[in-house]
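Engineer: Quick mapping for you: the protein sequence lines, in order, are chains A and B.
Residue 59 is where the first sequence starts when you use my numbering, and the numbers rise one by one after that.
Residue 16 is where the second sequence starts when you use my numbering, and the numbers rise one by one after that.
Keep in mind that the hints were calculated from the coordinates and are not lab data.
Glycine included, each C-beta is placed from N, C-alpha and C at the ideal position.
Take these hints with a grain of salt, some might be off.
Claimed, not checked - Here are the computed distance ranges between Cβ atoms for each label pair:
#1 650/B to 186/A: 54 to 64 Å
#2 213/A to 415/B: 53 to 63 Å
#3 115/A to 44/B: 45 to 55 Å
#4 592/B to 213/A: 20 to 30 Å
#5 190/A to 654/B: 44 to 54 Å
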Amino acid sequence: MIMKKLTTLGKISVIAVILCLVTLWFYPMWRIDLKAPQYPGGLTMTIWINDVKGDVDVINGLNHYIGMHTIHKADFKEFVYLPLTMMIFMGLGIVVLLLNRKIWYYVWAGIFMVISIFSFYDFYKWEYDYGHNLDPQAPIQVPGMAYQPPLLGYKKLLNFEVLSQPHIAGWFFIVAGAILVSVSFLEWKKRKAK
Amino acid sequence: MNRFSLILCAIGVITATQSCKMKNTESVVGGDAAAKVYVAPGKYDEFYNFVSGGFSGQVSVYGLPSGRLLKVIPVFSVNPENGYGYSEESKAMLTTSAGFVPWDDEHHLELSQTNGEQDGRWIFANANNTPRVARIDLSTFRTAEILEMPNSGGNHSSPFITENTEYVVAGTRFSVPLGNQDVPINSFKENFKSVASFISVDKTSGNMNIAFQIALPAMNLDLSHAGKGPSHDWFFFSTYNTEQANTLLEVNASQKDKDFIVAVNWKKAEEYAKAGKGVKMKTQYVHNVWNEETQSATSKTESEVLVLDPAELKDVIYMIPCPKSPHGCDVDPTGEYIVGSGKLAALIPVFSFTKMTQAIANKSFEGEYHGIPVLKYESVLHGEVQKPGLGPLHTEFDGKGNAYTSFFLSSEVVKWSIKDLKVLDRVPTYYSVGHLCIPGGDTKKPWGKYVIAYNKITKDRYLPTGPELAQAAQLYDISGDKMQLLLDFPTIGEPHYAQACPASLIKDKSLKIYDINKNHNPYVSMGEKATKVVRSGDRVDVYMTAIRSHLTPDNIEGVFVGDEVYFHVTNLEQDWDVPHGFAIKHNPNAELLMMPGETVTLKFVPDKQGIYPFYCTDFCSALHQEMQGYLRVSPRGANVPLKYGTGNTEPANTTAAK
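In isolation and in its complexed conformation, chain B is listed as follows:
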């Protein structure tokens, strides 16, 4: 009898275990997920999703809710696919004070705003490794400007912007000595500074300039966001390593219970800068601007930057204690609440802007950090979200009073209420989510329909592709009370921060062609009759045109080994989606893509004699395969006259050059 009941018990236990098996993907994907992400062929997505490319250096553009990749915009890395960084016109975009740098690590994006709302004009991007900020024009989806940051190392807390795009910030992650001084590394505390740069943005042209830099004490500036509404005048930067370690940061920068969120009154800092309270420091940084008229970039080396010393800035900078090496620093749509995410903390502190201004007025300080007042934690705190998950990183908002925080360690997105700080819902991510994004989720006006999680690890989520796997995004529907996983899609590079906005903000002003009558590239050929080949010394300029389906000239002779040949190819088409390409055999360079009405230049220095075929690389028309030509490269000193043309059928001279 005992044995029988034991068996019964065992069966009972097994049955019970079966019914509470571990949660897997099937259990979280609802039945109508497919219908919610289905965008029928020929139909448009509702949102543009601009996703940082991480170590690819580029910015990718996806459609939501389909997750379809629409474009990769080359920004900080060369792109042989369309000649960015290879064409003579675009090389200058990647020039830095250290010369031509063909790669970078692109982390964060911010769409331009007017009155705290997205305006669809530009998107800003940061380069982490060689500190730079880029502006991308959203009528052309091209990089329009790249500005280098002096006194910076690891431009991480960037390119976050103020409500009217007055300023883009660039806070250095690695403190460095000002002016590239040669100092011992272990003099970190004394000689290193964490510099926050404020870049002004011209209201109409978008042109960027470093207005001023604030040389904060040595620490690591991590992320940032500007205030909005009542907190309009303020910028908030999260920090870590306030221990000021310069080695083994994993341990040495994790000692303190609290680091800081630095609150900077940029309006007042601006006044100080305008009043000439800073020091004009000699330095070197490069400013690259793409000119739409000449269709080429120019580089200018700037030699001076205005540096403000926090010791001289009264009522401008305050430190808010924040638990355990905060990462994300996010401001809710009302501008009242500042969410710090201590990546090693087991809670989320939420600060109140109203309380902060009161605390400042009441001088409720607990001390100073290198002369900067440190506010009392409790006097600024709105409250803490208790037990939200492990490893909070970033928070976005839905505009309905809810916040969504990503948790790297516990691989989940947690929805909580800002008002009462209660956890409302949680969903797993696959796996190890970093940033997350709600369309307009860091502005005054979020479109709280979706949240997208950007995951660092994919492991078994897709068909395996060897040791190197894609990273991924996951789309959740957040229109209801419960978050619902809809879609996984792999991304290029490593996705960090992303921005999304309604397609209607951008799609109708997207440029279709470049007006050839406004082409002021100095090497343009206005029509086939204007094509020519000009030699001056060892330099040969080929003024070439491309139109369906021939290149003019397509036979070129009289070029010698060692000549510097420049093909200036003008696409004469004035019809939408008729690009032409250009490539020539053995060129240790890349190809060109010329959009309709555009002139682009490819350099080629042949080092051997021979016949070099060139052709159109973009399948442009029914006779694309006929769109080709030959360059004859003769030995130096050969008696071959300069000759070129298209359609000339004179009798051949069959003898080889002597």
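Chain A on its own, in the form it takes in the complex:
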């Protein structure tokens, strides 16, 4: 029964998911905005699939007071593995389309969920290390204070207000996930139709 063919909607959804993920190479995934009185325009760090951009140098300059490690693109092996993983995942989408069986669609959707959960865990872990692993010789030391940025949403860190949220490609990534979940559900419901 689960070896049945994909519906037309299912086929279109594969293309849609791939297109959503292509945005990862054109737009940032995530943005972290910082605001403080002496930075009226705010500071923004954008996280791309293969890079970290924006006011990184300025943020690095500020963070040395509290002993946070400086952020450098080269320190993130994710910037190599993540694009590779996503390319393979998109390639698998084509395979799903060619095989044209529901079962492989469910598997493909499952892989996406695993990638997503692992990515968020990795992001959280990086934020945790970055915010807790401080230089003991730092000029400013606030007992009990950690500087872990929020995974999603707002947080106040000393004189800075920090807002963390998806950027354009991040939203498309979320849309891709939503398509995969809902289409899987529809395919499951319509399994007896043909």
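Based on these hints, arrange chain B on the given structure of chain A.
Structural biologist: Chain B only, in chain A's frame:
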């Protein structure tokens, strides 16, 4: 009964007198003035107002309508506040043929123009005392170039420009003998010349060069303005002392009923110059250029200037008679009307460009002045503004057909119509107005919203500050039929001419930081690892960096009394508004301010042994007070090796040097 009516009469007179008391400030400031000049905290002004600093030698920048001082740009005077004229990089900017001159008197400003409209690229400034012209870059608000004028004394009718900034002029106020000849002063008529220099401006770089000089007969060139539109090819200079006096000018230069406005066809003069009709004269003048890449100035001594003799220039120069020692010489936005302001006259003559060209064609001359044709006054005159006030000085235009003239003696600004020469309105100034300014008021496109009067005397206008008082500006709203006084604000130095332009022309291209990757100062330290201290003979070069919140190196030893120590401090920051400063104890010099990405050098020659603290002078960060270091200066010949670093905590050697 008689006595009773007498008392009644007396009461009547007193009552009448009460109701016509003398006009004071309260009677001229309207109720909504405060709202019109209020720029809320954090909001921007609508206009930049560049105001000459007079005897301060600098150019100040105010916001309008608030009158808030935004910046003082050091131009012709040293500025210990940021090291201009004190740092090794900037010293060359103030070099002249007479060596380093630390001060000047800065009178007039002109914003660069394209097609007769302000383009917000550069502003030009004159130095009156040691004749020079400066160009200030409006992306950095820094002096980019200073060019000395040979054959000049008192560079007053300067730096007025042509419609496309083709030329900046520099007319000498004091006639001087060409080539610094040694002649008797009373041979003024024979040996002295009033030279008008035409400085070409490169369209892209802005670089200035003296294209040619016209050696006019001995007299005083006062002010000038270029033609525009139909009069594009012409430049007009006001003159006084056509009596050619060389002593007690107050009396001797005020004898003639009329002096002249000199009309120069610069297009034709340019042709003569290009055709090689002039004389290449040997002379000496210095040309200083600031290089943005090396962040330092270089001085070049030029040795030749092309001088044109008016006797050989046919159809190029004409004299327009103008009553009583004219001062201001202003051209209206259409380019048709030339307003001369005889500072001792009781009227304002307005000349017509069309009539002038006809008069030239018809050879309507009344004579010659040292071989230069003098046009008939009536044949050039558009008309006279009758009884406008006393002591007219300068005129600006609102672009709506009205002219605004300042009156020094009667302390007022008078609005009149160019077409029918009728006085429309007058407002008092406090006191003795000199120049005035309307944003774009001397261009083809004025923004006729405000007029600003620059006053010479303030007396009781502000809280007293001893005998030496501030001079002041006054802002008037001219958007309606009647001028309305809005605001007084004190100025630095003495304000003469000023320019104003919409903020939008400049604000978005204002530089925030210097890109450190483009820093080609030969003494730059690209990062802390590149810092070092190098000795060669008695010269010690300290390659230092500054970043929040430390200097590297911050401990330096092995320097001896009499060494020439050069601190080359690179600000490694790449964030907006994070300058660092640098100063060292007992340095008979000044401090440095280094903008982000910039390298600046301070020289120090210690003449006594000791420990000399140095520190960052610009409150840069929370740990600014920690941003400090020590230089150890040992007696000559002491056995102290060269040593330097930051953060080295090796055990101390507690013994003193032997």
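Engineer: For each hint, tell me whether it holds in the structure or not.
Structural biologist: Tested hints:
1. Take residue 650/B and residue 186/A: their Cβ atoms lie about 57 Å apart, and the range 54 to 64 Å holds.
2. Distance hint check for residue 213/A and residue 415/B: the Cβ-Cβ separation is about 57 Å, which falls inside the suggested range of 53 to 63 Å.
3. Taking the beta carbon of each, residue 115/A and residue 44/B are about 51 Å apart, inside 45 to 55 Å as hinted.
4. One distance hint, 20 to 30 Å for the beta-carbon pair residue 592/B and residue 213/A, holds here, with the actual separation near 26 Å.
5. Range check, residue 190/A to residue 654/B: about 50 Å between beta-carbon atoms, so the 44 to 54 Å window is met.
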